[in-house]
Each structure stands twice: as structure tokens, then as C-alpha cells.
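Here is how the chains run, residue by residue.
2 protein chains.
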Amino acid sequence: MKFCSQCGAPVIRKVPPGDNLPRFVCEACQAIHYQNPKIVAGCIPEWNGSILLCRRAIEPRSGLWTFPAGFMEIGESAEQAALRETLEEAHADVEIASLYAVFSLPHISQVYMVFRGLMRSPDFKAGAESLEVQLFAPETIPWGLLAFPVIQETLARYVRDLEQGCFMLHVGSVMPPMR
Amino acid sequence: MKFCSQCGAPVIRKVPPGDNLPRFVCEACQAIHYQNPKIVAGCIPEWNGSILLCRRAIEPRSGLWTFPAGFMEIGESAEQAALRETLEEAHADVEIASLYAVFSLPHISQVYMVFRGLMRSPDFKAGAESLEVQLFAPETIPWGLLAFPVIQETLARYVRDLEQGCFMLHVGSVMPPMR
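In the order they appear, the protein sequences are chains R and D. FYI, this note's numbering numbers position 145 of the first sequence as 345, with every residue one higher than the one before it. FYI, this note's numbering numbers position 38 of the second sequence as 238, with every residue one higher than the one before it.
Next up, chain R with everything else stripped away, as it sits in the complex:
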């Protein structure tokens, strides 16, 4: 951020009075521009014990696999965002069964909120942001070709819960992979 989005003057970075963190502040109009983490709402769609995954048609990680997920929009609930992403990316109609995972990714200031989605029919097809969409039995999931560490972590836990027939809420943080 270089300019004030309210008046167009240059911003500086400083700790406002009464605050304890540096913010982008406009010295012309005094506006304080807060920046906050974003929510990624997602859904693991399930049909007869298989999981619906999408192969990404967009960067980052184009060509790799994910469950439907994307940035929550202004004016919607987390559940609505998860349903919308599932429709947009996989043209799949699901009923939300429960909140499955809440994972913070502090290094990129995102929080994933992933719901369990029971598909109402085995109908699906690739949306504009997907190259292809496919149902995977747990033993056929392309573990080496998943788009992000948080997708891998969530799916690994999901497959374990699926095998044990008991879905728990998973809460925590997912850190970047070691290099």
C-alpha cells in the first residue's frame, strides 16, 4: 500500500496513537488502513466414500489438485461461501454436514474454514477455474499432486476419519513446508 484509498495522498507506516502495531496511515486525511487475514472457505464433497477434487486451471499451482475452496466474499456466510465455491469450481450440489477444519496459515495470513459436504447426486463438471473434476476413492487420491500443504493436511485427516467412520473438528495451524 502506497497511497490512501480515501483521498489519494501517500501513506506512511506508523503506530497510530492508542495502537501497538504499525499501520498504513494517511497524514493528509488521517485515515488508518487496517489489513487483516482473509478467510478461505472450502468444502470436501463426498459421494459414497469418495472425495471430489478439482484440478486447478488458474495460478498459483495450476494443474494441481484441490478440494473446492476460495476467498470468502463480502456479505456471505462461511457456509454460503463454501457452497458457492463448490458450485463454481465443480458444479456440485452438496448439503453441508458439519464444519470439518479450521486451520490458520499465519505466514500468509489466511484462515481455512473447511466444511464436510454430502453430494446430493453424483453430478459434477469442471467450472471455469478447473481443468477437470474427479471423484477419488481414498486409496486413489493423488497425494503427490495436491496444490497446497493445507489441502494435503486436511485431506490426510479426512481420509483417516473416513476410515474410522468418525468425523471430528480439526483446529490448528498449518506452517509452510521446510526447505
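One or more of the hints may lead you astray.
Identical copies look the same in the list; a pair holds intra-copy or inter-copy alike.
Claimed, not checked - Computed cross-link-like contacts, SDA-like style, restricted to lysine to any residue with a CA-CA straight-line distance of at most 25 Å:
| hint | residue 1 | residue 2 |
| --- | --- | --- |
| 1 | K325 | S262 |
| 2 | K202 | N220 |
| 3 | K214 | E276 |
| 4 | K238 | I296 |
| 5 | K238 | Y312 |
| 6 | K214 | R284 |
| 7 | K214 | E329 |
| 8 | K214 | I258 |
| 9 | K214 | L345 |
No lab work stands behind these hints, which were simulated from the structure alone.
Please arrange chain D on chain R, whose structure you already have, making use of the hints.
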């Protein structure tokens, strides 16, 4: 938003190519400025069956009661945000027991993530944003003087769970009060 935060030129509102929602777009540098819901991380601190509440010293709703909660910051996890708010507003040291509630407030584009916090000691005092801080037994909670509908909804469920000795995850939306 009136000006581009990257180049300072005026922005217009339009649907970018490949998108389906209007965004603030800079026609000078082509930057697209997305706006997304914010996360409010909170904690219900508990000591021997009583709940720690803070009386707000800041607007909105100055003078009314809430559990510690505030906007999650860049670079932290939801749990870290809840612990930080509990320290800042109530100087209370809690151990997070579980994620207790995830409530979307679509009309103001916020998502509350509220954790159950077990106080490590009965020590607390008002932080800079609190007028006073007090432990309330369930039957003494000032129901008519709570700051926001989401605070009332979360506390009402919490007290019910406390009475039944069984804490469940609560997920859903909290709408604005009827007028």
C-alpha cells in the same frame, strides 16, 4: 474506496474479466482491489464456572459488556489472536480448551471465532480498552447490557452448555436484530 492504493489514481467499480462480482479496479495500473470479511477472534474465559466479561471503554457500544474479542491481525493464528485479546482487554492468562463457536455475521462481513478459555489463575484487571473486568456466575450475567447480538447469542449457548456440562461446537450465522 476512491483511489488506488498502489498508484494513487481514481478507481472505478466494475466486474473484472473472468470475475462475476464488481470490484474496485484501477484503470491506470490495472490493480484489482478485493475486499473480504474480517475475522473477530474471541475467548470466553472461565474460572470455577464463572465467566470473565469486560465493560467496553471504546466505541461502538462503550459501557456495555462483552467477552474479550477483536480483529485478528496479519501474521497470527486465530488462537494467538484470541489469547492476545484476552491479555490486552482483561489481563487474563487462559489455556485454550477448544474452539467453541464460529458465527458468520454476513450483514457486516465479520466471522466470529470464539474459543473456550480456562483461566490459569483468578487474576485479571482492565486493559486499555476496558472500563472494568469482572467474573460473573451464570445467573448474574448482565443480559440486558451486552454489547452485540453475537455476544448475547454466544453467551446464551455457553451458559446452557455449562449447565449441561457438555460443550459442543456452535456454527451458524447471527443476523441483525429485528427493528
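Original post:
In ascending order, which of the hints set out earlier in this document are inconsistent with the structure?
Top reply: Failing hint: just 9.
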